[in-house]
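> Each chain, letter by letter, is given below.
2 protein chains.
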Amino acid sequence: MKRVEIIAVGNELLIGDVLDTNTNWLCRRLTMMGAFVRRAVLVRDDEDAIAHEVQSAISRGTDLIFTSGGLGPTDDDRTVAAVAKALNRSLVLNEQALKMVEQRYRELYEQGFVDSPEITPPRKKMAMLPEGAIPLFNSVGTAPGVWIDAEVTTVVCLPGVPAELKAIFEQSLPPYLGRILGKGYYAERVFEATCRDESVLAPLLKKVADKHPSVYLKSKARVFGEEVRITILLSASGGDKEATERILHAAIDDLIVELEQKGIVLAPLSER
Amino acid sequence: MKRVEIIAVGNELLIGDVLDTNTNWLCRRLTMMGAFVRRAVLVRDDEDAIAHEVQSAISRGTDLIFTSGGLGPTDDDRTVAAVAKALNRSLVLNEQALKMVEQRYRELYEQGFVDSPEITPPRKKMAMLPEGAIPLFNSVGTAPGVWIDAEVTTVVCLPGVPAELKAIFEQSLPPYLGRILGKGYYAERVFEATCRDESVLAPLLKKVADKHPSVYLKSKARVFGEEVRITILLSASGGDKEATERILHAAIDDLIVELEQKGIVLAPLSER
Numbered sequence: 001m002k003r004v005e006i007i008a009v010g011n012e013l014l015i016g017d018v019l020d021t022n023t024n025w026l027c028r029r030l031t032m033m034g035a036f037v038r039r040a041v042l043v044r045d046d047e048d049a050i051a052h053e054v055q056s057a058i059s060r061g062t063d064l065i066f067t068s069g070g071l072g073p074t075d076d077d078r079t080v081a082a083v084a085k086a087l088n089r090s091l092v093l094n095e096q097a098l099k100m101v102e103q104r105y106r107e108l109y110e111q112g113f114v115d116s117p118e119i120t121p122p123r124k125k126m127a128m129l130p131e132g133a134i135p136l137f138n139s140v141g142t143a144p145g146v147w148i149d150a151e152v153t154t155v156v157c158l159p160g161v162p163a164e165l166k167a168i169f170e171q172s173l174p175p176y177l178g179r180i181l182g183k184g185y186y187a188e189r190v191f192e193a194t195c196r197d198e199s200v201l202a203p204l205l206k207k208v209a210d211k212h213p214s215v216y217l218k219s220k221a222r223v224f225g226e227e228v229r230i231t232i233l234l235s236a237s238g239g240d241k242e243a244t245e246r247i248l249h250a251a252i253d254d255l256i257v258e259l260e261q262k263g264i265v266l267a268p269l270s271e272r
Numbered sequence: 001m002k003r004v005e006i007i008a009v010g011n012e013l014l015i016g017d018v019l020d021t022n023t024n025w026l027c028r029r030l031t032m033m034g035a036f037v038r039r040a041v042l043v044r045d046d047e048d049a050i051a052h053e054v055q056s057a058i059s060r061g062t063d064l065i066f067t068s069g070g071l072g073p074t075d076d077d078r079t080v081a082a083v084a085k086a087l088n089r090s091l092v093l094n095e096q097a098l099k100m101v102e103q104r105y106r107e108l109y110e111q112g113f114v115d116s117p118e119i120t121p122p123r124k125k126m127a128m129l130p131e132g133a134i135p136l137f138n139s140v141g142t143a144p145g146v147w148i149d150a151e152v153t154t155v156v157c158l159p160g161v162p163a164e165l166k167a168i169f170e171q172s173l174p175p176y177l178g179r180i181l182g183k184g185y186y187a188e189r190v191f192e193a194t195c196r197d198e199s200v201l202a203p204l205l206k207k208v209a210d211k212h213p214s215v216y217l218k219s220k221a222r223v224f225g226e227e228v229r230i231t232i233l234l235s236a237s238g239g240d241k242e243a244t245e246r247i248l249h250a251a252i253d254d255l256i257v258e259l260e261q262k263g264i265v266l267a268p269l270s271e272r
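Chains as they are written, first to last, in the numbering used here: chain R, 1 to 272; chain Z, 1 to 272.
Next comes chain R alone, as it looks inside the complex (with noise of 0.2 Å):
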């Protein structure tokens, strides 16, 4: 399984001024695809810490750390020289990069929406890229994304306004990802408990956990108005899909014995 980190980038989302739904979807997304996702990290606007938290993945032998924000034509959009930093590389004018943003600010000009299609030293500065990098079309806004191949690790950096990351997540990744990623199945299944007390299941999940190591077992209360709830998800990873659908449902069988005993029944709540 290939291990992933994400490093999101902003002042706004440490002043909680902007809640960062960013990394759940990647993480969603990722873990679907197959992958790990081990940590993510909140930082902000500051180039020096940025380039720390990418270096750190990288001296943990993260294979694809993605970096969400700090692509603008800002002066406090930094993520870009942090990566070029941290990877010891230049930041040079990447001519591909450079028509991105040329034909995005001539297609918001014909809209209406920016007054000049001409390209100002604030919008070259979303294509300088780090060297060898390769940049990734942004249909939504106008930074491209930034693909970098480095030595173990693979940095891929996005938009923070959700819609023009997804956007390139969809649109401009998957060949890069696919080749990266490979053939990565998950499955998961969600449960409700008819038990409201979580010290009550937990030896029991213990027990189904250790015997199935490569399950994931995680049991969750949630308060709904004045009730508590316990729903249990188990989820499985691996590169084949009817193995790890196995795997999975040798545990599901083994979960549903266990509480039966104690009389306690579990009723599906999605599959995923």
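Quick caveat, the hints were computed from the structure, so don't treat them as lab data.
Any given hint could be a false lead.
Since the list gives no way to pick one copy over another, a pair counts as held whenever it fits inside one copy or between any two copies.
Said to hold, decoys possible - Pairs of lysine-lysine, DSSO-like flavour, derived with a Cα cap of 27 Å:
#1 K2 x K183
#2 K206 x K85
#3 K207 x K262
#4 K166 x K262
None of these values were measured; they are calculated from a predicted model.
Using the hints provided, position chain Z relative to the given structure of chain R.
Then chain Z, alone, in the frame of chain R:
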């Protein structure tokens, strides 16, 4: 300004099953109290990974570390054990925490939510705290929050269920937190600009930001349907309300003048 870091714990966050809203809520509340939230990280239910994050936050001279999640009765609730390891303290039965857990199970038993008020081993686990810790009463769930004064850094462990985290923060934390954060004031204004092009705003914002280094100034592009709108947020923190407001308003006045010269008008979006 006190430097804060947040560690959100849970595999469910990194497989994208649950959107972490606790970090955003804590960031907002702590910022409004005058604290500087520098960094937040999401990690898996892994004792070593959690302990590593606590140690690395301490090594950066963090004043206050908040953790969320991993306090419950199940085997994968590892946060308190990880914090004990990071601080090199033993886990011991905390009599005051035990009383809190007993009280909650008695209440839940009387309300018919649990089948017995007995303190079983998984329930007792929630009262095993690092030596010298102070338990924080949880009026919604069962696991007490944990307050630990280490040498320079204070560590506060809160549950992952948002209603429990908020209840402890609002009901049990204020006297302890006030002692550390002291009198802090945060002022913020948000405007919408009559310019939808961040690349035009960029040099104007930079000029104002350079003149007012203690004011945080951020433009933010958002896509509404087919339309991009730019909001501008200005904020300042300080010990004194009047001085902080004066500093903030000087920057706002300069920004209005700068933008006016380019025919751009600011409309206030909110006063917080």
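> Decide, hint by hint, whether the structure agrees.
Hints, one by one, checked against the model:
With identical chains, the CA atoms of K2 and K183 are at most 27 Å apart within one copy only, with a shortest distance of 11 Å there and 47 Å across copies. With identical chains, the CA atoms of K206 and K85 are at most 27 Å apart between copies only, with a shortest distance of 22 Å across copies and 45 Å within one. For a Cα distance limit of 27 Å, the shortest separation of K207 from K262 inside one copy, 14 Å, qualifies, whereas the shortest one across copies, 68 Å, does not. With identical chains, the CA atoms of K166 and K262 are never at most 27 Å apart, being 45 Å at best within one copy and 33 Å at best between copies.
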